[in-house]
Every structure is written in C-alpha cells, then in structure tokens.
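S.K.: Join the two chains into one complex using the hints; note that each chain is given alone, in its own frame.
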Amino acid sequence: MVTESSDLLRWIALLPLLAAVFHGVMLALVRRPTPRAFTIGISCGSVVAAFGVACLALTHLLQLPDGERMLVDNVATWIGAGVGQQAFSAELSLQLDPLSAFMALVVTGVGALIHIYSIGYMDDDHREDKGFQRFFCYLNLFTFSMLVLVLADNLVLMFVGWEGVGLCSYLLIGFWYADRWNAYCGSKAFIVNRIGDFGFLLGIFLLFSALSDAGTPTVAFSEIKAGFAAIVERQIAVPAWLPFGPEVGLVNVIALCFFVGACGKSAQIPLYVWLPDAMAGPTPVSALIHAATMVTAGVYMVCRLSFLYAAAPEASAVVAWTGGLTAIFAATIAITQTDIKKVLAYSTVSQLGYMFLAAGCGGYSAAVFHLGTHAFFKALLFLGAGAVILAMHHEQDVTKMGGLHRKLWQTHIVFLMGVLAIAGVPGFSGFFSKDEVLVAAYASSVPGHRFLHAIGLVTAGLTAFYMFRLYFLTFWGECRAPREVREHLHDAAPVVINPLWVLAFFSVFAGLGGLPQVWGDLIGVPNSNSLGHFLTPSLVAAAHHEIEHSTEYWLAALAVGAAGVGALLAWLLYAVRPGLSGQLSASLAGLHRLLFHKYWIDELYDAAIVRPLVRISDRILFRGIDAGLIDGVAVNGSARAVQGLAAHGLKYAQSGLTQGYIFFMIAGAVAIVAFLLR
Amino acid sequence: MLPLEHVIGLSAILFVIGMIGVATRRNLIVVLMSIELMLNAVNLAFVGFNRLWPGTAAAPALDGQVFVLMVITVAAAEVAVGLGIVISLFRNRDSVDLEEASLLKW
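Order-wise, the sequence lines are chains C and F. Residue numbers for the first sequence follow this note's numbering, beginning at 1107 and rising by one. Residue numbers for the second sequence follow this note's numbering, beginning at 19 and rising by one.
Please keep in mind that the hints were generated in silico from the structure rather than gathered at the bench. The C-beta atom is built at its ideal place from N, Cα and C for all residues, glycine as well. There are no misleading hints in this set.
Listed next, with one range per pair, are the computed distances between beta-carbon atoms:
#1 Ala98(F) / His1754(C): 38 to 46 Å
#2 Tyr1758(C) / Val65(F): 40 to 48 Å
#3 Gly1755(C) / Val99(F): 33 to 41 Å
#4 Gly1755(C) / Phe85(F): 37 to 45 Å
#5 Glu96(F) / Phe1770(C): 19 to 27 Å
#6 Leu122(F) / Gly1738(C): 33 to 41 Å
#7 Gly1738(C) / Ala98(F): 51 to 59 Å
#8 Gly1738(C) / Val48(F): 52 to 60 Å
Chain F extracted, bound-state conformation (with noise of 0.2 Å):
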C-alpha cells in the first residue's frame, strides 16, 4: 500500500501551491481556485491520516471521511457565495483584479 508519507507529502505540495496561488495571483476568480485547491489539500491529508485509525472489522472509524465530506459541503456553499461576490464586483469594477478592490482601507 502507498506509505502515509506520500499521502500526507502530496497533501502539503498542494497545500503550499495553492497558499502561494492566493497570495500572489490577482485574479478573484484564481485566488478562489487555490483556496479550492487547499481545502483538497486538507481533505486529502483527512483521508490519509483516517488510515492510522481504521477501528475493528465490525466497527470500522470512518471519522476522516467523515469530515471530507463535511469539508466538501462547507466548499461548495463557499464557491457559490464567492462566485456571488466576482459577479457582483465584476458589475461595479468591470474586472476581478483583487488590487483595485481596496477602497476599505485608511
């Protein structure tokens, strides 16, 4: 079986890809792709550690999945919400560059 370490390794590669991604890109619509990407990552990381627990044949610990699934419902209502807000800041800025969004400031 694939050894935790490589789970966990490619959970924080893509953890950390998607951290440099909403640090850096401008694009609204980008930034809420690499959040995206980092909930996966967490998710994956969830499933992978899930196996150090696998509880008994009878009652088997599902608690890591559990939680993704959790986790994915949370995203999605994130998304809708997000894409709510680039629509509505695309219809008053026509564009989604997060650096002209900064008028909440000193």
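Pulled out of the complex, with its shape left as it was, chain C reads as follows (with noise of 0.2 Å):
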C-alpha cells in the first residue's frame, strides 16, 4: 500500500503540547500566571486550532482512494538497533488511518468544547497556587498524549501515549491535593492503572519476541498486520493445572495481555474500581477524561488491534464476556448511588463494557461508533451534571436536588437529550450505537453470545432506569435544596451553556453518521453506514452469523421495549409517586444495601489485596528488607565491621616508629619486585 507522507499530523499533536510547555514554563520557571485571558487563549486556542488541522487532515485523508486512506508523518526515528534482516527500529512517526482520524477529530472536538467549558467552570477556582492556568496546563498536556495514543504508528509510541494520559488523569483527578481524599482517588487511580499497564507491557513484549522469533522484528502496526499470519498457527505449552492447558495459542495469550491493560484504562472488571473515584476531580475533567477520552483508550486498543483479536476467538470471548458482566454490574450500581457524578460515573462503566462487550463480539465498527456517541452524550452528560453542580453551589447529592427544570431551562433541556440518547430512545444517536452493539452481541459465534445479548438488553433497560431516575431527581419534583441555594439558582453562564448545546445537537444526530444499513433500507438511503464504511480499512470483519432485516428490527424494539420499560419505571418511583421509592428500598433493605455499597468490592479488595499488602510491605519489606537488612546489615553493619577492625587491631600497625613504616615498604617494594620477576 502506497502511503502518503503528511507534515501536518505532528501539529494535530504538537499544539497541545506547546501550549502545556507554555503554562509549565510559566509555572515552574517563571513562577507568575499569565493574565488570565491570555491563558485561555493559548489552552483553548491550541486545541480549536488542532482540531482545525486534524479537519484538513482529514479532507487529506479523504481525497485518497477508499482503501488506501493512510497518512504518515515520520518525526524521527526514536529507537533504533541493529542492521539488514534483524533491523529493529520504533519510528517516532504518526499515523493517520481511518480510525485514528476517527479518535483524534473525537478527542479535539470534544476536547475543545471541554475547554472552552472549563473556562467558564474554573472561573471561581481563585486559590493561591495558581490553580487556574496549572489546570489547563494539565489539560493540554492531556490532550497532547491522548493525540499521541491515537495517532502513534507503534505499539511503543502508543504505549507513551498510554503512559501520559495516564500521568494527567492522575494529576488532574488529584487536582484540588489539599483534600486528602482527592490525593487518595488520583493514586489509587493511578496505581490500578499500572496494574493494567504491566499487562499491556507484557503483551508488547511478547508480540515483540514471536515476531522476532519469525523474523519480522517489528512494533509498528502496519508491519504487525503484514508479519502477523506467521504467528497465528504458534501454540506455546502452559502449565499442566490450568484448565485449558496444555497448550493454548500464543496469539490469545497476548491478546488477553493487550486485554489486561485495556481493563485498567477502560475501567473493566477487576480493575474498574478507580473510575468511581476518579469523579473527585474537577467535573470537566471527569468529562474529558473519565467520560469521553482516556477511558475509551482500551476499546481503541482492541480495535487497533482488530486483526489480532479476530484470529484469537478464545481470548475474544473474554473480552466479550468481561465486557458483558461489567456493563449489567456496573448498571445494578449505578441505580442505587445518590451522588449526581457517581452515577454518571457507573454508567461509564457499564458504557464502556457495551463497547467490550461488541468487540469481543467482532463488532469492531460498532464499539467504535458507540464509544463516539458516548463520547458525545456523556460528555453532555457530564458537564451538565457540572453545570448543576455549580448552580447548586458543589452540592452533588441528587437527594438534595429536585425541581430544578424550572430555573435551570437550559441545563434541563440539554440534559435531557443526553438522558434520551444514552437511554436510547428511537431517533437519538445512543440508539443506533446500542442497536448495533446488541446486533453484533446477537449475530456473533461467542460462545454463550444470546447470553451476552440478554445482558445487553436488561443492561438497556437498566440504564434507560437510572438515567431517568437521575433526571427526575434532579430537574423534578420538590426543591430540596437549602433556601438560600434555591433562591440564587440560575442558569450557568453561556461559557458554559453554549458548548452543551453543541454536544447536545451532536449527541441527537450523531447517530446518523453511522445509521446501520437496516435503517438506512427503512428510509431509503443506500450505503447509510457512512461510518462503518469510512472505518473498513482500518478493521478487521470478525466471523459471523448473517441475520435476517425482520429479526434486527425485532432485536431493536426489544432494546426499545427494555429502555421503556426502565424508563417508565423510573418515571413511576421517582415523578409520579415519589414516596414509593422508598418503601421498595425499605422492602427490599438487603438488595438494596447490596447496590448502595458498590457490592463491597472496595472493602473486599482492601481487605484482600490493599492491606495484606501494606502489611507485607511494613513487616516484611520496610522493617525487614529496608530497615533490617540494608540500613542495619549492609550500611550501618559494614560501618560497624570496619570500625571494630580499626580500633580493635589494625590501629597498632600505627607505631610511630619510623623504621617499622620502612620496613613495611621495603617488604612490599621487594614483593611487587618479586611478583614482577617470578
């Protein structure tokens, strides 16, 4: 395939980069903030302005043929070793594909927008340590990775990329450190993600090595895709009392490897238990990052990787069955938590295991489209639960809430398009995305895949229910916030309304852009996938069953009959008879209690893993290895030995007589003779 060299992808990522250089230098250097309108223009003006050349890009794109859509733009070459057939080199170089093109217009886009909100929402943030430009420091810093992860030619730059987002998600949920819990959420945030990380590693690693062991040393994804028939057919032996040993396919080991980091950064069973936490940081944080961006890094990774999970059926079906259980589990959650932002929160979970859960499917197209009308809806989603946060004076308890759709018009009006297009209300883009997630669930060859449909289904229902019952709360029924709150609430400024709008009009239509062709039939539009057309080349068709238009429209209203189900429920316990809530949860006090304390999975890993931990590393390695063995034994031990030996003995070869001193270097000037002469 013929590629295109391109110089403007660097700057898709640079700009980000230069502005966070910027504020950095500022910051740590010159240690006074910039006025303040110059900051903004600088943060929110690199991000409009690489949004701007990932546009021309993509027109660049576009003019090539369908089929040979790649721009390359080699920086430099970052890592290189060795010469002729053993060459090994990872490029610092980017890559514009279809589905890069795709994440990059996704994260700028929404990006954009997200800074231009944060203007508006850290307006008040009036703190003495310059939290104002360090925020959007980190910000930019933020996009600039996420630009690296989805642009990166290379498992290597990507895993930079991997790294960085990583970095900022840290930073930027500890943002407000003089609270000690907002420091907690960010480590346990980022120590879970490294647990993620070492199985990605790992996975490079052994990628790496099979394909050296092949002949095709290589980290690129191109020459992957190109080297990979090689290694498809390699078993490698396992131990004996694993169940599925003695020998597995080398290919599923390292997708499950690729798969471990994606759980981490895509907050997937076990490791999803940071994201909850993450919500401690600044609301538009929780939606760039947490929402719309880094979290959907691991369904990227898994589409990046398409050919490799479609040639591993074993591990796919892993992923489809994690993905499965954690969208229903983290769905059951959701509906029990009051904090406005930690159902949100729940719900991203349960989102982004529906984009696992279509991938392991072999629905690549379709996990990519439904984490593009997620990005756009819970985005919304979240910076309107951000706008109410800041009308209701960081009061984030829905419990607190109510009544607000009167004085909040305009927070009320785009908030409920987010609520009906994640819930999936025919027409909205959460309901194509979803359609064709389920549609992939029910049609792929996964073991137990009607399985995996009928969680979908009940997870749809499940959300439309907690999504409405967040909204009822929220907008509806009695004001029961304090007087002097609810006597000042008003609308955001429209900083902070305008970009809501923009996300709202994009969460209704968005769907559109990637209508599955059964509806496209419905209204007579040939070829309405547009999408899934643009993405082909970048993806790889996993095995299917084909299924009939008639049994997609009935899989579809069952996804719509679930979503009203749930959502007439929630309209029922929390609008029209508000009291039965409470009865239910009286009646139903253990499930409850259940839901409301996350299924203790927080206490159970701390008990398990977090403080049998701490302990072995208090006893063990702090007061055994650190404090015993090499401050007692090896430094002060060996001060010691040689403070004994002098005083003790070797002091008295210090005679004073001044022949004994001859004597001594008479005998050694005649032993180095003798040894010279031997």
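M.R.: Below, the structure written as structure tokens:
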C-alpha cells in the first residue's frame, strides 16, 4: 500500500504540547501565572487549532482512494537497533488512518468544547497555587498525550501516550490536592492503572518476541499486521494445572495481555474500581478524561489490534464476557447511587462494558461507533451535571436537588437530550449505536452470545432506569435544596452553556453518521453506515452469523421495549409516586444495601489486597528488608565492622616508629619486584 | 670497557647497603647518609644504562646523565630539609635517635 506522507499530523499533537509547555514554564520557572485571558487564549486556542488541523488532515485523507487512506508523518527515528534482516526501529512517527482520524476528531473536538466549558467552570477557582493555569496546563498535556496515543503508528509510541494520559488523569483527579481524599483517589487511579499497564507491556514484549522469532522484529502496526500471519498458528506450553492446558495459542495469550491493559485503562472488571473514585476531580476532567476520551483508549486499542483479536477467538470471548458482565454489574450499582457524578461514573463503566461486548463479539465498528456517540452524550451529561453542580454551589447529592427544570431551563433541556440519547430512545444517537452493539452480540459466534445479548438488553433497561431516575430526581419534584441556594438558582454563564448545546446537537444527531443499513433501507438511503464504511480499512471483519432484516427490527424493538420499561419505572417511582421508591428500597433492604455499597467490592479489595500488601510492605519489606537488612546489616553493619577492625587491631600497625614504616615499605617493594620477576 | 653488569651490580650493592642502613640505624644523621647512598646507587644505574642508548655521533643521547643531574639537585634540597629536621629534633629532644621520635601513633 502506498502511503502518503504529511507534515500536518505532527501539528495536531504538537499544538497542545506547546501550550502545556508554555504554561509549565510560566508556572515552574517564571513562577508568575499569565493573565487569565492569555491563559485561556493559549490553551483553548491550541486545542481548537489542533481540531482545525485534524479536520484539514481528514480532508486530505478523504481525497485518497478508498482502501489506501493512510497518512504518515515520520518525525524521527526514536529507537533504532540492528541492521539488515534483524533491524528494529521504533519510529517517532504518527499515522492517520480512518480509525485514528475518527479518534483524533473526537479527542480534539470534544476536547475543545470541554476546554471552553472549563473557562467558566474553573472561573471561581481563586486559590493561592495558581490553580487556573495549572488546570489548563494539565488539560493541554492530556490532550497531547491522548493524541499521541491515537495517532501513534507503533505500539511503543502508543504506550508513551498511554502512560501520558494516565499521568494526566492522576494529576487532574488530585487537582484539588489540599483535600487528602482527592489525593488518595488520584493515587488509586494511578496504581490500578499500573496493574493494567503491566499487562499491556507484557503484551508488547510477547508480540515483539514472537514476531522476532518469525523473522520480522517490529512494533509498527502496519508491519505487525503484515507479518502477523506467521505467528497465528503458534502454540505455547502452559502449566498443566491450568484448565485450558497443556497448550494454548500464542495469539490468545498476547490478546489477553493487551486486554489486561485495556481493563485497567477502560475500567472493566476487575480493575474498574478507580473510575468511580476518579470523580474527585473537577467535573470537566470527568467529562473529558473519565468519560469521553481516556477511558475509551482500551476500546481503541482492541479495535486497533482487531486483526489480532479476530485471530484469537478464546481471548475475544473473554473480552466479550468481561464487557457484558461489567455492563450489567456497573448498571446495577448506578441504580442506587445518590451522587450525581457517581451515577454517571458507573454509567460510564457500564457503557464501556458495552463497547468491549461489541469488540469481543467482533463488532469493532459497532464498538467505535458507540465510543463516538458515547463521547458526545456522556460528555454532555457530565458537563450538564457540572452546570447543575455550579448552580447548587458544589452540591452533588441528588437527594438534595429536585425541581430544577424551571430555574435551569437550558441545562434541563440539554441534560434531557443526553438522557434520551444514552437511554436509547429511537432516533437519538445512542439508540443506533447501542442497537449495533446488541446486533453484533446477537450475530456473533462467541460462546453464549445469546446470553450476552440478553445481558445487553437488561443493561439497556437498567440504563434507561437509572438515567431517568437521575433526571427526575434532579429536575422534577420538590426542590430539596436549602433556601439560600434555592433563591439564587440560575443557568450558568454562556461560556458554560453553549458547549452543551453543541454537544446536545451531536448527541441527538451523531447517530445519523453511522446509521445501520437496516434503518438506511427503511428510509431509502443506500450505504447509510458511512462511519462503518469509512472505518472498514482499519478494522477486521470477524466471523458472524448473517441475520435477517426482520430479526434486526425485532432486536431493536426489544431494546426499545427494555429501555421503555426502565424509563417508565423510573417515571413511576421518582416522578408520579415519589414515596414509592423509599418504600421499595425499605422492603428490599438487603438488595438495596448490597447495591448502595457497591457490592462491597472496594472493601473486599481493601481487605484482600490492599491491607495485606500494606502489611507485607510494612513488616517485611520496610522493617525487615529496608530497615533490617539494608540499613542495619549492609550500611550500619559494614560501618561497625570497619570500626571494630580498625579500633581493636589495625591501629597497632600505626606504631609511630619510622623504621617500622620503612620496613613495611621495603617489604612491599620487595614483594612487587618478586611478583614482577616471577 | 667495563661490562654493564659490573656497573649495575655495584649499583645494586650500594643500594642494598643504603637500604639496610636506613632500616637499621637509629641515628637520624646516619639514616640520611644512607638515603644519599641509595640515591647515588640509582645515579650510577642511570649512567650505566645510558650506555645502552648512546645515540649517534651527531646527536648523542644523554638522558641518563641529565636525569642524574636532576637527582643530585633534588638530593641537595632533600638534605637541606632533612638536616633542618634533624636540628629541630635535636633542639627539642637533645638527641637524634629515631626511636625517641615516636609520638605520632595510636
């Protein structure tokens, strides 16, 4: 395939980096924050410009013939080793294929809106430590890292972006670090992500060593794809006590390693626990990093390596089942949460589960489609929640809200758009993408795919239920806020509200960009799934059953029915008969407590992993090895040994008699001469 | 001409005599003299070895002799310092016995 080279790509990533470096220099070296208007101009300007460059690059991409759409920007050779057949190099180079282009547009587009929103959201942040500029510095750095992640043309560079977004996530979760809890949440996110990154690294190593054995040492995606056929059949021995031994396909192992990384970054069971706590960060951060972009990196990675997953059916089944279970698990937790951001966080975990469900079932384009629509409506919901939180003076508990639809009419409308989109109301973007996910699950050949589809349906119902519950609790009924808050309720400034309208527009209409063909036929549009066609060169079509159009209509009807039941229940419980929900939770007290306490997973991890680890670290590693062995024996011990030797023996050699010294000197000289003459 | 072995042999004998003197005599002045003997033994070896690389008639090599001049210069300076120490020691202790001067020890 002939690849076009284009210098445009580097600027997409470089512009946010330059802004971040500028802020960093001003804060760390000059130690004087720039005026706010200037900070805003640099930060938002750079991301908007990056969006512009990305659009320009997209037009270049679209001019290329279908199937050859790939732009490459080779900036430099980064790591190079070996010559000839065994030469290896990791290039500092970016590529723009349809998948990368889609991701880059989402990152810069949604990112730019959230940057603008942040101007208003962070405006009241007048703290001593130059928080305003620091915030934008981190946000720009994040955008840069995320762009490196999606534009990288090889695994190693992608890993750099992967770690970069993890770092920025940590910095931004703990942004208000004066509160210890926020700092704790940041550390938690960082550490849990490290576990995932470990898997990702192992995956890279395994894939690279397998490819080197096959004679093509490379980490670049296009070359991996080309040389991949050589390692597909390889089996490796595993310990016999494992249930699937004694041999497994190497591809499966590699795919599972990468999936561990995806689990960490994209908050899947069992590594999802950091995402709900990540809500400690400012709300724009939750929207940008923990809903729209970073957490979808795992989905992107699975889709980027779709050729690998398509060749690894067992690993794909694991992906699909993990996704499905996470989806329903997180959705059940979201039902009982009362913190507006926590509900959205569990909802994000659940929707990410949907994406993995689709990807594991071979519906890579469905996963990417849902990723895109989810980026819009979840960013919208988070930002809308942020607007509510601003109006409520940083109150996040929905049980203290209610009746806001009159005072916050703009926020109310856009939030409702988001709720309708995520609930999958026909016509809204979430409907089409969720439908594609469910169809992918139904039509796949993953073991137990009918169960997966059922799980997806139930989750769709739960999603509608908790989203409408949130909506009714926040915007309808009696206002439960204290009086002084109630009297000053008003919509936030235009700089906060206007990005929401843009996102609301996309939440409603983005589905039309990837309209499944079954609906295209209904309204007489050929090739309606333009996103799917656009993405085809980047993704691999996995084996699946063909299903009839009539079946697809049934599936859609089922999904809508599930969502409708959920929404209706929420309406009944929280709008029509507000008292009923309390009675219900009282009569199902055990279940309610189980869900409200999030299945006690955090406590379980704490007791089973964190505390034993801390104890081992303290007793053995710190007191035993560090204090005992290294400090005690090695450092102080050797000092004491030298002291003892010198004070009780060696010092008598220092007799003060000149001729004694001369004797030693002569003896030494004689010894050396004897040695030389030997 | 005298064989080189004889010159080096004499040098070695003188050197060992000087070394024994340094190691065994208690009188500081005799020790100094023994050191001078060792230095001169080395000088003799320099001059003797120079015969191995005589150079050409137009450009004779005189490295050994030059080195000897150097050593004599340093030896003169060393004797001056050494005798100064001896005098200073004698003024303090009324003797020049090396065993007397052993304060600097554990």
